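Starting from the known structure of chain A, arrange chain B on it as the hints suggest.
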Amino acid sequence: MIAVIDYSMGNLHSVHKALQHVTDEKVVITSSPDDILKADRVVFPGQGAALDCMSELHKHELVDVITEVSLSKPFLGVCMGMQVLMEHSVEGGGVDCIGKYKGTVQHFTDHIGATDAAGNRLKIPQMGWNQIKHTQDHPLWKGIEDNARFYFVHSYFVAPEDKSIVSGETEFGISYPSAIAKDNVFAIQAHPEKSADDGLQLLKNFTNWNGQP
Amino acid sequence: MALAKRIIPCLDVDNGRVVKGVNFVDIRDAGDPVEVAARYNREGADEITFLDITASSDNRETTVHMVEAIASEVFIPLTVGGGIRKVEDIRTMLNAGADKVAINTAAIHNPELVREAAEYYGSQCIVVAIDAKKVSKEGEPDRWDIFTHGGRNDTGIDAVEWAKKMAEYGAGELLVTSMDKDGTKSGFNIPLTKAITDAVNIPVIASGGVGTLQHLADGVLKAGADAVLAASIFHFNEYTVGEAKQFMADQGIEVRI
Numbered sequence: 070m071i072a073v074i075d076y077s078m079g080n081l082h083s084v085h086k087a088l089q090h091v092t093d094e095k096v097v098i099t100s101s102p103d104d105i106l107k108a109d110r111v112v113f114p115g116q117g118a119a120l121d122c123m124s125e126l127h128k129h130e131l132v133d134v135i136t137e138v139s140l141s142k143p144f145l146g147v148c149m150g151m152q153v154l155m156e157h158s159v160e161g162g163g164v165d166c167i168g169k170y171k172g173t174v175q176h177f178t179d180h181i182g183a184t185d186a187a188g189n190r191l192k193i194p195q196m197g198w199n200q201i202k203h204t205q206d207h208p209l210w211k212g213i214e215d216n217a218r219f220y221f222v223h224s225y226f227v228a229p230e231d232k233s234i235v236s237g238e239t240e241f242g243i244s245y246p247s248a249i250a251k252d253n254v255f256a257i258q259a260h261p262e263k264s265a266d267d268g269l270q271l272l273k274n275f276t277n278w279n280g281q282p
Numbered sequence: 415m416a417l418a419k420r421i422i423p424c425l426d427v428d429n430g431r432v433v434k435g436v437n438f439v440d441i442r443d444a445g446d447p448v449e450v451a452a453r454y455n456r457e458g459a460d461e462i463t464f465l466d467i468t469a470s471s472d473n474r475e476t477t478v479h480m481v482e483a484i485a486s487e488v489f490i491p492l493t494v495g496g497g498i499r500k501v502e503d504i505r506t507m508l509n510a511g512a513d514k515v516a517i518n519t520a521a522i523h524n525p526e527l528v529r530e531a532a533e534y535y536g537s538q539c540i541v542v543a544i545d546a547k548k549v550s551k552e553g554e555p556d557r558w559d560i561f562t563h564g565g566r567n568d569t570g571i572d573a574v575e576w577a578k579k580m581a582e583y584g585a586g587e588l589l590v591t592s593m594d595k596d597g598t599k600s601g602f603n604i605p606l607t608k609a610i611t612d613a614v615n616i617p618v619i620a621s622g623g624v625g626t627l628q629h630l631a632d633g634v635l636k637a638g639a640d641a642v643l644a645a646s647i648f649h650f651n652e653y654t655v656g657e658a659k660q661f662m663a664d665q666g667i668e669v670r671i
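Protein chains in written order, with the numbering used here: chain A, 70 to 282; chain B, 415 to 671.
Looking at chain A on its own, in the form it has when it is part of the complex (with noise of 0.2 Å):
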């Protein structure tokens, strides 16, 4: 079974589908801790603000479940699920998050200007597709080409300070990391669930994955 974690964050319906549609394995939105720690994998999606999203992670008594699940089971964050897996987002005046990781989430507008090098105007939130880079090689991109184009959707990025967890980087600007892995967990700033066949392909490889790096 495949949970998918609900913390009354914004619409859980794509990844729903998207991953039924790649999967014969049930799939499940739920908020209940039970559920999460039975499931054999975990997807934890996410948007809105990270301190509304730390704050219903609280409320809905999730925070512990999450870093208990991604010691273990095959563990996808997708956009803010990833963002939240850091210490500290600048957010909101500044929140702190689960800290799986060390480092903290950053604001586009404090590391760009109005255009990009080729004179690109840079509008926050980067809305649209845009490229990963693989900097590492990684079970989840089996069958996607490097530099294949993701939906994004977002105004912050990760900052992690160990630079060997970053699978993949985008450029908007700066190069930014899109996309961590470690041991059980991958973490993906775009959204693989509205990305087409490639983000079914990472979904899809996410279903097939042990949990090994």
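Simulated from the structure, these hints should not be mistaken for laboratory data. Because the structure is a prediction, the values reported are computed rather than measured. All residues carry an ideal CB built from backbone N, CA and C; glycine is no exception. Be aware that a few hints might be false.
Here are some, though not all, of the chain B residues that point toward chain A, as calculated from beta-carbon distances under 7 Å [unchecked claim]:
#1 ARG420
#2 ASP460
#3 ILE490
#4 PRO491
#5 GLY511
#6 HIS523
Positioned in the frame of chain A, the structure of chain B alone reads:
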């Protein structure tokens, strides 16, 4: 390597069928929305916009089911517009599988709806649709007003000022349609679109008037749009989305191929 400009086929849906009017009349049937959306997805569309133009709100249920059906098969962003009047309508469409909703007339009657929706659901899923029509006289500087009711009612609101206001209220994106150009196949309204892209720092989708692939490219190159939307050139198989992308790529535009 940079963010790609998006090509967005638009499905105008009336009572469960894809249609396309010329200047909002003369409706031609273009097929089953789920099939059409699946075809665009296969051709490489970056998003799909689905505008419900069904006059009667009795048929809203049909639309919800259609959104569900499309969202189960098409794994690219889906925007749904038409008849979005209150926060509950937004919730209904997001729950059905839409990723974004386009708010048009309701934003004019109640701009706070945009603020409320953006705060609650996030700007990323709130698109404000702007239907603009030129009101300046010959020889005057260009000026466009927001029109409602398919271009019949002038609200007296300046389109560029409205665009800025909607961006401030939390719109994540603007869908700018020229009512002078829509259905004419004579190209986007470049001055209108450029005036708005210059005025705001959120993505702008150019809409209304595409008849050739050069028109799509011009929306990016001349008007600075982040995305270009077209309906009839794709519906009636004049061009595939793939051909449109190749054409734009050949002109040096970054696209997802």
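Original post:
Can you list which hints this structure breaks, lowest number first?
Top reply: Failing hint: just 6.
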